[in-house]
Amino acid sequence: MTRNINIWKRVDKPVVIVYLLMVIMGWFNIYAAVFNEEHREILDFSQRYGKQFIWIVAALILAVLVMVTDARFYFFFYWVIYGIMIVMLILLFFFGKEINGSRSWFEFGFVSLQPSEFAKFATALALAGYLNYHRQELTRFRIIMPALGIILLPAILTAAQPDMGSTIVFFALILVLFREGMSPYVFVSGLLMIILFFLALLLDNYMLELILTGLAFFLVWLVTRKLKVALAGAGIVLLIGGPLFMLNHSLNEPASYNLIIIITLLVSGLFFAYYIYQKKALGVLVIYAFLISSVLYINTVDFVFDNFLRSHQKERVEIMLGFKSDPHGTGYNLNQSLISIGSGGFSGKGFLRGTQTKFKFVPAQSTDFIFCTVGEEWGFLGSVLIVGMYLFLLLRLIKLAERQRSVFSRTYGYGVMSILFIHFFINLGMTIGLVPVIGIPLPFFSYGGSSLWGFTIMLFIFLRLDASRTEHLI
Amino acid sequence: MKDLFAARKYFIIAMIIIACVILIARLFVIQVVKDVYRLSADNNVLRYVTQYPARGLIYDRNGNLMVFNQAAYDLMVIPSQTSTMDTALFCEDLEISTDVFRERMKAARNYSYRAPSIFLKQISAESYAKFQEKIFMFPGFYVQPRTLRKYSKPVGAHILGYVSEVDEIQIKKDPYYKPGDYIGKLGIEEAYEKELRGTKGVKIFLVDVYSRVKGSYAEGAMDTAAAQGNDIISSIDLDLQEYGERLMENKTGSIVAIEPASGEILALISSPGYDPELLVGRARSENFLKLSADTLLPLFNRAFMASYPPGSTFKPVNGLIALQEKVIVPSTSFSCNNGYLFVGCHSHSSPLDLKGGIMNSCNAYFCQTFRRILENPEYSSVTEAYEKWRSYLTQFGFGTKLETEFVNELPGLVPAPAYYDRFHGKNGWRALTVISLAIGQGEIGATPLQMANMTAAIANRGYYFTPHVVRSAGGEEGSRFRTRYDIEIDSANFEEVILGMEAAVNGGAGATARIAAMPDVVVCGKTGTVQNPHGKDHSVFIAFAPKDDPEIAIAVYVENSGFGATYAAPVASLMIEKYLKKEISAASGWKEKRMLELDLIGIKSDQRDEEH
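These protein sequences, in sequence, are chains A and B. Residue 422 in the working numbering is what sits at position 422 of the first sequence, and the numbering runs on without skipping anything. Residue 542 in the working numbering is what sits at position 542 of the second sequence, and the numbering runs on without skipping anything.
No wet-lab data here; the hints were simulated from the structure. Each hint should be verified, as a subset may be incorrect.
[Claimed, not checked] Here are the simulated PhoX-like cross-link-like pairs (lysine-lysine), alpha carbons at most 25 Å apart as the crow flies: (1) B:Lys-290 / B:Lys-326; (2) A:Lys-13 / B:Lys-9; (3) B:Lys-9 / A:Lys-399; (4) B:Lys-153 / B:Lys-290; (5) B:Lys-106 / B:Lys-121; (6) B:Lys-426 / A:Lys-360; (7) B:Lys-173 / B:Lys-200; (8) B:Lys-388 / B:Lys-426; (9) A:Lys-360 / B:Lys-214; (10) A:Lys-360 / B:Lys-34; (11) B:Lys-172 / B:Lys-153; (12) B:Lys-153 / B:Lys-134; (13) B:Lys-172 / B:Lys-214.
[Stated by the list, open to error] A few chain A positions that, by computed beta-carbon distances, are all more than 12 Å from chain B: (14) Ala-160; (15) Gly-388; (16) Leu-391.
[Unchecked claim] Chain B stretches covered by chain A per the calculated footprint, using a threshold of three residues with CB under 8 Å from any CB of chain A: (17) 29-43; (18) 281-288.
For every residue, glycine included, the Cβ atom is placed at its ideal position computed from N, Cα and C.
When you get a sec, could you build the whole thing from the sequences and use the hints?
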């Protein structure tokens with residue numbers, strides 16, 4: 001019965017149009033980014049812009065192939081696809097070609113393939129397949145663990161290449177779990193951990209702890225609606241912390257403020273425990289638990305940062321946070337990227353007129369830093385257009401996902417959306433100094449066959465599922 | 001199956017919208033609000049290469065080239081573009097040691113890795129020609145043409161000044177100058193820097209990340225060509241200048257010759273001088289140190305920076321003032337008994353009138369005259385009379401800067417009454433107290449330039465133009481010096497004094513300066529023998545010629561030599577002859593020979609050796 005419907009009529013045209021626009025704009029920007037006076041022809045196949053044209057044509061063929069495949073194929077064979085991709089990622093350790101210290105590529109003659117780009121849609125499919133059966137039970141630990149496992153397996157494999165950029169992308173799929181019922185505390189905890197990580201590096205620990213404590217009492221007031229309770233709590237903390245602080249101050253070798261605060265919070269916790277037990281105040285318990293775990297977490301951040309991150313990763317974070325300015329070393333990319341985008345001004349310097357771009361001041365400007373070319377040659381207007389197109393695409397994908405009848409299609413749609421979103425946000429964010437430099441491409445814009453094909457297949461599988469949304473997959 | 005968590009999509013949508021807003025806000029800040037990135041982008045790609053202009057040329061009054069330019073080359077290096085090369089060959093060609101090479105490379109790298117800096121300054125055209133063939137073997141190096149000064153004759157250093165690199169103070173003072181620019185120092189080079197320096201040009205290139213030139217910016221529309229500086233025509237007579245320097249060889253002292261009708265300086269000599277070529281190019285700083293350390297002070301311009309007592313050459317002025325103040329008439333006679341009170345005099349016939357007083361340089365005559373000036377009953381006090389006397393001197397240009405082109409000119413000294421009040425108390429001094437002034441000794445000080453100017457004023461019978469060395473700069477006549485300064489003394493009085501000066505050279509027995517006489521030109525002059533605390537007397541002579549329509553006025557100082565008539569007078573007469581006749585007659589040959597062979601510096605150092 002699926003044979004009867006015309007998928008070409010039912011495919012979502014706005015998404016296809018935005019997709020085509022992005023791919024073509026990306027192509028022209030690659031042309032501008034690596035423009036070579038001696039090869040002015042955009043279809044010169046010795047240049048990246050010529051090659052990108054081939055990748056685009058191939059991507060369109062792939063899109064058509066994806067569309068003519070029966071929607072049920074993806075539903076029934078998601079685990080096969082996922083399995084193949086995991087095997088590919090494992091094979092990289094044996095047959096992968098090492099480029100810049102990472103084994104992320106297979107080389108077949110003149111074509112190189114990056115399996116992690118394809119593993120992304122495979123993981124989204126596998127997650128959708130799993131959630132299709134277990135979605136309402138995501139609050140249960142036993143059900144959540146396999147879902148996290150599906151995400152963690154490729155994440156660990158890519159982390160071992162090492163390719164931290166791709167690893168981070170897989171974690172974006174946690175957003176899907178959140179949508180499908182995972183406890184918001186887990187999700188909020190995750191977000192909080194990321195925010196606290198940077199804040200802990202940025203501020204002194206005791207400052208951050210004081211702020212959090214203050215925030216906690218504010219939340220207590222919001223939750224209980226009793227100002228007296230919040231003030232009493234703050235009073236207890238001050239009653240315990242004050243003398244401790246004075247005592248500490250009179251010592252010959254005073255302990256750190258940090259330690260005083262931790263002790264104070266733990267001791268005052270006894271009083272709170274009594275209050276919580278008396279009043280059965282679950283909200284206060286949660287807030288206090290968050291506060292204590294945040295404080296402990298903050299104290300591990302510096303340790304993790306110093307011991308678990310590789311030195312170039314540390315430097316990138318430090319540069320983003322402004323601790324370090326090293327415009328000729330690690331900070332060079334970001335500095336030149338900012339100059340490129342910033343010098344574009346309101347309306348840009350014009351096509352092929354970007355001096356930063358033309359004279360190769362930005363490294364990787366056709367791949368990870370393609371947005372520099374947009375920012376420099378098309379200015380704020382062009383940049384906003386790109387952000388706008390992504391915003392439209394992402395919201396459109398959410399809309400499409402929400403109209404699916406099957407949980408499989410909906411969760412897959414959210415998976416696609418999450419992966420595109422994290423790529424878009426991290427890529428743009430790093431070029432303008434909001435996010436540490438993490439080398440991941442801007443979907444549909446960056447030069448490269450693997451990423452373009454990976455994103456194309458990922459998007460069109462969802463469009464294929466959407467086109468048959470009225471049918472039953474089983 | 002019921003979707004329990006459908007509402008969570010709003011949270012997700014909100015998150016995406018917030019993320020987009022954050023991105024757009026940040027983009028707005030860096031692209032629209034902040035300007036710094038645009039400037040940084042320009043700094044990245046635009047390279048401004050200065051096009052250095054050649055300085056203007058300097059000609060003498062007869063159109064002979066005095067100063068012109070020679071090509072030199074600054075070797076530039078961009079450290080980021082250098083790569084492995086044959087350092088030994090490089091050092092050999094440029095005649096530097098490998099240590100110097102390493103040091104310079106380090107300095108260049110410290111200055112900037114990507115921007116060019118000067119590796120080796122002012123390579124001569126010859127070395128450059130050799131090096132140029134191989135420069136392709138040394139990536140990252142290129143040459144930038146500059147111009148250096150070249151002199152047609154090794155003379156006139158004190159007039160011309162020199163050219164050096166600007167220092168930080170000058171860069172701060174005038175934003176036109178950038179590090180590495182050249183600027184005129186002293187003399188004409190400094191006084192006419194603005195005319196001579198020309199206009200710098202700039203070429204703007206686009207460079208890529210490797211500092212490789214990728215073409216000119218805006219097709220060269222913003223480039224400007226360098227414009228050569230304006231030429232200068234000096235009033236100096238190069239032959240006369242050269243001759244004067246030769247005459248003054250091995251002597252310390254100064255000659256200043258002026259064309260009275262215009263104030264144009266014909267020759268200005270300070271001896272010992274130096275070859276201006278010494279202060280050109282790479283050897284400049286080394287030579288400069290040597291010259292500074294020389295005990296004979298070759299860098300010191302005696303012509304307008306040394307203040308000497310004028311001695312007897314000052315007597316004509318006192319005569320003029322006395323005549324104008326009507327305290328004497330030309331026929332007023334004074335007797336001389338080998339001097340006047342404590343001021344001694346040589347033996348000569350007595351009594352003498354004004355003409356005879358000047359001719360014989362009688363000290364007694366001028367002491368009497370000076371006493372009459374200061375004790376003039378027209379004035380209520382000696383101080384008032386002294387002030388009047390002083391005002392005449394000021395009109396002659398004494399005790400004040402002449403405001404020539406030379407910034408470091410000395411004003412000399414004519415003490416104000418307050419000066420004497422301090423030593424003798426108010427009204428505590430009389431004519432006799434300051435009687436040395438009568439014969440140009442004592443506290444009075446004047447530069448050779450001021451003396452030459454005084455001579456020119458006498459030659460003009462009562463006026464002068466500010467002495468200057470530049471006739472026209474950039475085609476524009478030196479209008480700065482067209483002001484005629486008149487002295488409030490009747491020209492008839494000048495004629496009387498000039499008769500005395502004529503007699504001093506051309507008179508009979510007792511004439512002090514007969515050595516300066518010329519057979520067919522009437523030279524008027526006055527000798528001076530200046531006592532000074534530094535050793536033997538300075539020999540001084542002032543003169544102008546011809547008597548009617550004078551063409552040259554001259555002042556000559558020969559330090560620590562002796563009588564004015566013995567040394568300064570023959571030098572002055574040879575200079576006058578050289579200027580008026582263009583050559584020295586056979587009759588004057590002995591004078592020339594004697595003066596050229598005279599070695600006062602050698603004698604002095606011999607004496608010094610003996611003393612040790």
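The hints, checked one at a time:
At most 25 Å may separate the alpha-carbon atoms for a hinted pair to count; Lys-290 (chain B) and Lys-326 (chain B) exceed this at roughly 55 Å. Annotation: proposed proximity of Lys-13 (chain A) to Lys-9 (chain B) holds, straight-line Cα distance about 23 Å (limit 25 Å). Between the alpha carbons of Lys-9 (chain B) and Lys-399 (chain A) the distance comes to roughly 9 Å, so the proposed pair stays at or under 25 Å and holds. Only pairs whose Cα atoms come within 25 Å are accepted, and Lys-153 (chain B) paired with Lys-290 (chain B) is accepted, the gap being roughly 21 Å.
With a C-alpha separation of about 16 Å, the suggested pair Lys-106 (chain B) and Lys-121 (chain B) falls inside the 25 Å cut-off, and the hint holds. Only pairs whose Cα atoms come within 25 Å are accepted, and Lys-426 (chain B) paired with Lys-360 (chain A) is rejected, the gap being roughly 84 Å. With a C-alpha separation of about 18 Å, the suggested pairing of Lys-173 (chain B) with Lys-200 (chain B) holds against the 25 Å cut-off. For a cut-off of 25 Å, the pair hint linking Lys-388 (chain B) to Lys-426 (chain B) stands: about 17 Å separates their Cα positions.
For a cut-off of 25 Å, the pair hint linking Lys-360 (chain A) to Lys-214 (chain B) stands: about 12 Å separates their Cα positions. Only pairs whose Cα atoms come within 25 Å are accepted, and Lys-360 (chain A) paired with Lys-34 (chain B) is accepted, the gap being roughly 23 Å. At roughly 35 Å between alpha-carbon atoms, Lys-172 (chain B) and Lys-153 (chain B) are farther apart than 25 Å, so this suggested pair is violated. Of the pairs offered as hints, the one joining Lys-153 (chain B) and Lys-134 (chain B) is violated, with about 35 Å between alpha carbons and a cut-off of 25 Å exceeded.
Restraint check: the Cα-Cα separation between Lys-172 (chain B) and Lys-214 (chain B) comes to about 33 Å, which exceeds 25 Å; the hinted pair is violated. Non-interface status of Ala-160 (chain A) relative to chain B is upheld: no Cβ of that chain comes within 12 Å, the nearest being about 29 Å off. Separation of Gly-388 (chain A) from chain B is inadequate, the least Cβ-Cβ distance of about 8 Å not exceeding the 12 Å criterion. For Leu-391 (chain A), the shortest C-beta to C-beta distance to chain B comes to about 5 Å, within the 12 Å cut-off, and the non-interface label is violated.
Here the stretch 29-43 of chain B counts 10 residues with a CB under 8 Å from a CB of chain A, which clears the bar of 3, and the coverage holds. Judged by the Cβ-Cβ criterion of 8 Å, the stretch 281-288 of chain B is not covered by chain A as claimed, because only 0 of its residues qualify and three are needed.
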